[in-house]
Every structure is written in C-alpha cells, then in structure tokens.
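If you want the building blocks of each chain, they are given just below.
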Amino acid sequence: MNGTVKIIMVEDDEGHARLIEKNIRRAGVSNEIVHLSDGASALNYFFSVMGEANEKRSCPVLVLLDLNLPDMTGVEVLQRLKADDELKLAPVIVLTTTDDKTEIQRCYDLGCNVYVTKPVDYDNFANAIRQLGLFFAVIQIPDAPL
Amino acid sequence: MVKMHISLPSAEARARDGLELVKRLATFRAPAELVLLLLALFLLSSLTIASMWLSERVAQDRIESQTAQTVSENLVSLGAALRASESGQRGYLLTGDKLFLDSYNANIGAISGPLAGVETAFVQTDLENEYRSLQARVQEKQAEMAESIRLFAGNERASALRLVKGGSGREIMREISESITMLRTATQERLFISQRQTANFNNLLWYSNLGGFILIIFFASSSMVMLWRSNKTLQVAQAELKANNENLEATISERMQELREANEEVQRFAYIVSHDLRSPLVNIMGFTTELETLSKEIFPPADGDDSSSSGPPVEPEIVRKEFHEALGFIKGSIGKMDRLIGAILKISREGARPFKPEHIDMSSLLNGIAASMTHQTQERGASIIVDPLPRLQSDKLAIEQVFSNLMDNALKFLRRDVPGEIRISARRLNRLIEFQVTDNGRGIDEKDRGRIFELFRRAGAQDRPGEGMGLAYVQTLVRRLGGSIRVESTVGNGSTFSVILPETWSEQPNRTKS
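Chains A and B, in that order, are what the protein sequence lines are. First residue of the first sequence? That's 1 in the working numbering, and the numbers climb one at a time after it. First residue of the second sequence? That's 1001 in the working numbering, and the numbers climb one at a time after it.
Derived by calculation from the structure, the hints in this document are not laboratory data. Every value quoted in this text rests on a predicted model; they were computed, and no experiment measured them. Ideal Cβ positions, reconstructed from N, Cα and C, are used throughout, including at glycine. Any given hint could be a false lead.
Calculated cross-link-like contacts (lysine-lysine; reagent style DSSO-like; alpha-carbon spacing at most 27 Å) [as the list claims (entries may be wrong)]: (1) A/Lys101 <-> B/Lys1412; (2) B/Lys1336 <-> B/Lys1412; (3) A/Lys6 <-> A/Lys88; (4) A/Lys88 <-> B/Lys1447; (5) B/Lys1296 <-> A/Lys22; (6) A/Lys82 <-> B/Lys1447; (7) A/Lys22 <-> B/Lys1336; (8) B/Lys1356 <-> B/Lys1331; (9) A/Lys22 <-> B/Lys1331; (10) B/Lys1346 <-> A/Lys22; (11) B/Lys1296 <-> B/Lys1242; (12) A/Lys6 <-> A/Lys22; (13) B/Lys1296 <-> B/Lys1346; (14) B/Lys1242 <-> B/Lys1232.
Computed list of chain A residues with no C-beta within reach of chain B, every gap over 10 Å [to be verified]: (15) Arg18; (16) Glu52; (17) Ile93; (18) Arg130.
Starting from the given sequences, assemble the full structure and let the hints guide the process.
Listed below in structure tokens is the structure:
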C-alpha cells in the first residue's frame, strides 16, 4: 500500500509539529513521519541522507513545509527541492502562519501543491490537516520516471 | 529597529541663508549707489549753473569793453572836431576866405554827436562831474568861436581879433584837451579792468569745465566699478543659491531613500512580529483543543454511551501523558510569547531612550567587556585581543551593548576544532571611526548576511542557544548612534563585523552609508 510513502515534516516549532502529527494520525494515516526542525537539516536529509542511501527515487516522499524557519526561508527549501530532477516530483504542502497573498502565489509558482494557513482558529486547522491525511491516504505517489 | 528621525533643517537653513544674502545685497548696495548718483547729479548741476553764470558774465564783459571802446573813439573824434573847427575859425579870421568858414561850420556840427554819445557812459559814475565840466567848456568854446565869427562877419574885425588874442579860447581849449585825456585814460583803465576780469572769468570757466569733465570721468568709472562689483556679488549669490538648490535636492532624495528604507523595515518588522507572535498562539489554541478532547476521557459523560467519544477508551497512562504534554506546550508557548513581546519592547524602548553623550575610552571599555567574558573564553580556549582604540564621544550604555553583543556572538559561533581568536581593531575615516570585530569562527553564508540583522532570524546550524535578537538590537543601536554596520565573512573561516560610528554623537541624523 502507501506504507512506503514517507512524510517529511520541516517545522521548527515543536508544538506545531506535534499538533500536525496528532491530527495526521487521527485521520488514520500511519505513514512514517520524519520531523526536521530547520532548513539546513531538511536539505541535509534530502540531499545527503536520501542521496547516499539512493532513496531519492526509490522511496517516495511527501513534504510538509513550514515557511518560517529560523535559519532560512521555507521558500528556499522549496526552490532547492523543485530544482532537483528527482525530488521535484514529490508533492509539497506548505504550512505557515502567513496569509500573505504574494507569498502564497510565490509558493504555487514554485510548484507547491497545497498551501495551508495555520490559523489561530484551531478547529479549521485540525480539519484541514485531517483532510490532508485523507488526501495522503488516497494518493499514489507516482514513481519517478527514468 | 524602526525608530528614525527625519528632518531637513540644514537644507532649509541653507536656502534661508541664500535669501538672506540676496536681501542683504538689495538693502546694502542700493544706498551707496544712490548716494553716489545724487552727489554726481548735485555736483554736475552746480557746475553747469556756474558755467552758465560765468559765460553770462563773460558776454556782459565783452559788451562793456565794446562800449568802452566806442566811448574812447567818441572822445577822440570830439577832440578832433574841436581842433578842426578851431583851425577853421582861425583860418577864416586870418584870411577872410569863405572856404575856412565852411570847414568851421562842418566841424562845429560834428561836435555834438560824439559828446552826446559818451554821455551815458559817464552819467551816474564818479566821472559825471568831469563830463559835465567838459560839456560846459565845449559850449563855452563853441560860444567863443561863434562870437568871433559873428564879429568878423559884422566887419568888427578888430574886436574879433582881440577876442582871440585875449587867450580865453586857448585856455578853454587846453582845459578841454586835458579833460578829454583824463576821460580817455579813465575809460582805458575801465576797459583794462574789465578785460582782466573777463580773462579771470574765462579761466574760471575753463577750470569749472575741466572739473566737470574730471567729475564725469570719476563718477562714470566709479559707478562702473560699483556695477561690476554688485554684479559679481550677485553672481556669487546666484551660484550659491544654485548650489543650495542642488544640495537641497540631494538632501531630499537622500532623506527619501532613508524613508523608503525605514518603511521597508517597518513592513518587514510587522511581518515578522505578526508571524512570530502567531506561532505560539497556534500552539496554545491547538493544545487547548487537545485538552478539551482529553477532558472527555478524563471526565466521561454521566450517561456514558455514544457518539462524542470516538473509538475505544484510551489507556489512563496515555491520557495522563498527553494531558501533561499539552499543558507543557501551552505553558512553553505562553513563555515564548512573553519573551517575544519582551524582545520587541526592548528594541522599541531602545529607539526611544534619550542618549547621554560622554567621553568614552574605548580601549578600557572593551577590555572590561572582554574581562567579563573570561569564563566563557577560558572554557572554549579562546582569546580576545583588543587593539589600541580611539576615544569616542557617544552614549556609553549603547556602545557597551553594541560591542558586548558582537563579542558575545563572535564567541558563541567559534569553531570547536581550532583555538578561537577574536580581535577588535579600529581605524579613522575622516570624522568617523570604523571598529572591526573579527573572529575565526564558522562564518556566515552570503545569503544570510542580510537576514541575520532581522529580528528573530538566525543563520547556519541551529545548534547554539539564542533568540535571534542580538544583531537586530545591535543594528537598531548603531543606527541611532548615527552609524552603520555591515558584515564580511568567509564560511568556515570567520567573520568581520564593521561598525562605523561618528566620532562625536549629535542629535542630528547623519547616517553613514554602508
């Protein structure tokens, strides 16, 4: 099944990470979640860990990306991902507190698949996350073409 | 971070000075020129009047001298006519020839004309008496001659000859001659005096014309000089005004640039604040809702059954763990929020605190900071070297905070594999001083060199403690101190933070460009 799809969560705030994870689990998604708390370790994971293990192609991933990282912006991580021939196929869901229109547009332009605003109104947020979970449950991550 | 003083006093003052200059020109130069002009007008018109009067006098004198000439001629012809008539009378008496009688008659008629002609010249002068006696003598002579002719014609020849021999006629004639000579001499004298006067007046006229000419030359040249001078001052003032205008434009565009920068900074600041303050709120809301959900497990509803509690009951141990986790996150988020608000307050307060400039011995100040860090430096096997530094007139507290933050950062981001070395040096740039804090730490990636000065942003591996406040705070302080800060770095080799500060701090913003 989709048990092979790894969810990679790039989120610096521990609390947010925990909430997102809880809600994903609550939606019945049991995929492995890798939590990375800043841009540098995310890039390190994508290009060094996965690269060395030659997992970039064989192991499909889904990326949950926070834009407001302490060491770099999430946009930069997104750019790096989309510039990579293999990783650009991975779906990216941007999660951030910003509802700035130009930034949302920028993320879509760069190739993000879904943009979710983290609201203070928690119910909506939880709903959105749960729907994402359902989304994870049904999608098939395409194999990277040769 | 966002505090900025925008003002244009210097440019305004310069423009005011320009106007002042023009006004001064108008009020100062005009009277001098006016006085000169009036003086010239007065002198030239008095000279003209003098000239006119003198010419009038000369003309009068000429008429007078002509009159004197005529008088003199008349006197001569009077004498001649008398002598001629006398010789006619004598010839007639001697010969009885009618031809002599005719000559006598002709000349006796020529006497009255010249005599009457000179009358006006002598009447009402000191010579009137002399003239009157001449007149009387001439009449006597005429009467004497007429008597002798009458006697001779009436054949009383002896009586006529006796009359002549009696000598009274000769005596009268001598007196007449004397009188005429005297009058002529007097007239000549008068003529001479008047001619001398004419010559004097002529001289005066010449001098006055010469003076007029010189004055005209003088006034013309001096007004030319004045015109040239005021023209030159005007040109200088104009050039100054032009320069001021250009300066004003430059100042305005500079200030506009500063405003634009400040505005961008405000926007960035607002973005960061809203973003970062929202993060803990999301946590608080999220975990509160989690607690709500948990409460259904902890306090199950009395009539136990259905819908709301989804799934099977959860183990009490897990419930307890989740409860404490949620509580921990809520508390942590509240604490974080408090810290963030505190940081923002600190920065905005720093923008408002009044500075007290004082003399600062930078060497001893920075050595003091280095000494206070001895514990950390020894722990890391690092050293801080403070070169001799110039003195500064600035706010001591702000300066201390700027450098202790920079030194603290340098110490914090040293590499663990080499002995750390931090050096503080300075060099003078005109009236500014550039301080450099150089380390051999891990360095900063080029793309992060702008970000590090933003609030709550940090660069590189997030393996050292910190809130991302230090450099934002330093930048705010440096800007308020009228300076600028920039960073140069090689990743893996170290960084140099350059702080450019005015030697003497003043309220007026004179930000240095980095």
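Any hints this thing doesn't respect? Which numbers, in order?
-> 1, 8, 10, 11, 13, 15
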